[in-house]
Amino acid sequence: MIRMTTGNGPLGAFLADAAASSTAGTLALIAGYVMLILVGFFGLIILVQMARGKIDITEIIEELDGGASMSRFQLLVFTFVVALSLVMMIATTGRLPELPAGLLALLGISGSTYAVSKGIQATLPGGASDQGESDASHANEAGKKSAGGR
Amino acid sequence: MRGLATVARWEALVFLAGCFVVLAWKFMRGRNPFHQLLSGDRADGTVYLSSGRIQLLLVTTVFSVQYVRQLFHATGVFPHLWAGYLWALAGSQALYLLGKTHAIIFNSSIFHRTKGDPERRDS
Chain A
248 MIRMTTGNGP LGAFLADAAA SSTAGTLALI AGYVMLILVG FFGLIILVQM ARGKIDITEI
308 IEELDGGASM SRFQLLVFTF VVALSLVMMI ATTGRLPELP AGLLALLGIS GSTYAVSKGI
368 QATLPGGASD QGESDASHAN EAGKKSAGGR
Chain B
22 MRGLATVARW EALVFLAGCF VVLAWKFMRG RNPFHQLLSG DRADGTVYLS SGRIQLLLVT
82 TVFSVQYVRQ LFHATGVFPH LWAGYLWALA GSQALYLLGK THAIIFNSSI FHRTKGDPER
142 RDS
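Heads up: the protein sequence lines correspond to chains A and B, in order.
End of the first sequence sits at 397 in my numbering; the numbers just go up one at a time, nothing left out.
End of the second sequence sits at 144 in my numbering; the numbers just go up one at a time, nothing left out.
Because the hints were derived from the structure by calculation, they are not lab data.
A portion of the hints provided could be inaccurate.
[What the hints assert, rightly or not] Derived DSSO-like pairs (lysine-lysine); straight-line CA-CA distance at most 30 Å: (1) B:K47 x A:K301; (2) A:K365 x B:K47; (3) A:K301 x A:K365.
[Claimed, not checked] Derived CB-CB ranges, DEER-like: (4) A:F327 x B:A115: 18 to 26 Å; (5) B:Q76 x A:G355: 37 to 45 Å; (6) A:K301 x B:L119: 39 to 47 Å; (7) A:L346 x B:Q87: 12 to 20 Å; (8) B:Q87 x A:L291: 28 to 36 Å; (9) B:Q87 x A:T340: 17 to 25 Å; (10) B:A115 x A:P344: 27 to 35 Å.
Just so we're clear, the structure is a prediction, and the values are computed from it rather than from any experiment.
Positions of the beta carbon are idealized from the N, C-alpha and C atoms, including for glycine.
I would like the entire structure built from these sequences, with the hints used as guidance.
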């Protein structure tokens with residue numbers, strides 16, 4: 248589990264840190280908190296914009312025809328899993344950990360499946376489509392029409 | 022500096038949790054985002070229930086739950102990913118891609134073979 252210094256809250260933690268620091272240390276500390284506030288503010292803006300629909304994530308796993316993409320869904324799940332593990336490791340150890348090869352392999356397998364999936368679609372008449380799996384059928388239909396017109 | 026690190030950890034966790042909550046909320050409020058998640062496409066535009074997608078969904082779910090479960094028991098190190106898990110995942114992906122290739126190029130699913138479109142592209 249995550250070990251936290253709780254009880255005082257952010258302001259208490261700041262005051263305790265400031266009391267234990269020298270002048271230069273206090274300056275560095277203030278700069279650190281300013282950066283944290285700034286990053287937190289940006290994060291908050293992103294969350295609010297996502298919630299309000301300004302950053303549209305409703306079609307994050309969908310293709311243009313409305314069908315869901317299995318590759319995208321899997322990549323989304325694995326991204327959350329890896330992000331969660333990274334945050335928890337940093338929270339536990341207090342430093343940036345080295346990513347294990349297995350975790351990189353996990354993302355690599357998932358990502359390359361997505362890429363190969365796109366490559367399969369590119370074999371269809373109409374060429375490579377960047378629009379997702381379900382567009383394969385549309386690309387094929389377009390290819391047939393094009394061939395028939397010649 | 023300990024307080025700074027504590028605030029940073031909470032900030033990262035809150036942001037990650039916030040992303041997850043917003044995503045889940047959007048999914049629940051909007052139209053079903055998992056529409057046709059288990060449906061594969063054929064070259065003629067028809068869809069079929071894809072066994073490749075079903076097994077991939079199962080493997081992905083089991084793998085993710087297992088990893089997160091290990092993560093909550095881990096102490097300062099990333100959970101060990103057993104090579105067998107990765108091979109199983111890779112095999113699952115290969116099956117999915119094989120089924121997709123077959124359905125798109127040969128206009129039929131591997132497990133539910135149908136009469137192909139006479140105008141289909143032979144490659």
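Distance restraint evaluation - B:Q76, A:G355, Cβ atoms, bounds 37 to 45 Å: Once the Cβ atoms are compared, 20 Å apart, the range 37 to 45 Å for A:G355 and B:Q76 is violated.
Consistency of beta-carbon spacing, B:A115 to A:F327, with hint 18 to 26 Å: This hint holds: roughly 24 Å between Cβ atoms.
Given the hint that A:K301 pairs with A:K365, does the C-alpha gap stay at or below 30 Å? Roughly 28 Å separates the two Cα atoms, so the pair holds.
Could you say whether the range 39 to 47 Å given as a hint is met by the Cβ separation of A:K301 and B:L119? holds (41 Å)
Between B:A115 and A:P344, is the Cβ distance one that fits in 27 to 35 Å? holds (30 Å)
Has the hinted range 12 to 20 Å been met by the Cβ atoms of A:L346 and B:Q87? holds (19 Å)
Satisfaction of the hinted span 17 to 25 Å by the C-beta atoms belonging to B:Q87 and A:T340: holds (22 Å)
A:K365 and B:K47: Cα distance at most 30 Å? At roughly 27 Å apart (the allowed maximum being 30 Å), B:K47 and A:K365 satisfy the hint.
Starting from B:K47, check that the Cα of A:K301 is at most 30 Å away, please. Distance ~12 Å between B:K47 and A:K301 Cα, so the pair holds.
Given the hint of 28 to 36 Å, check if B:Q87 and A:L291 actually sit that far apart at their C-beta atoms. Check passed, 33 Å falls within 28 to 36 Å.
In this structure, only the earlier hint numbered 5 is contradicted, and the remaining ones agree with it.
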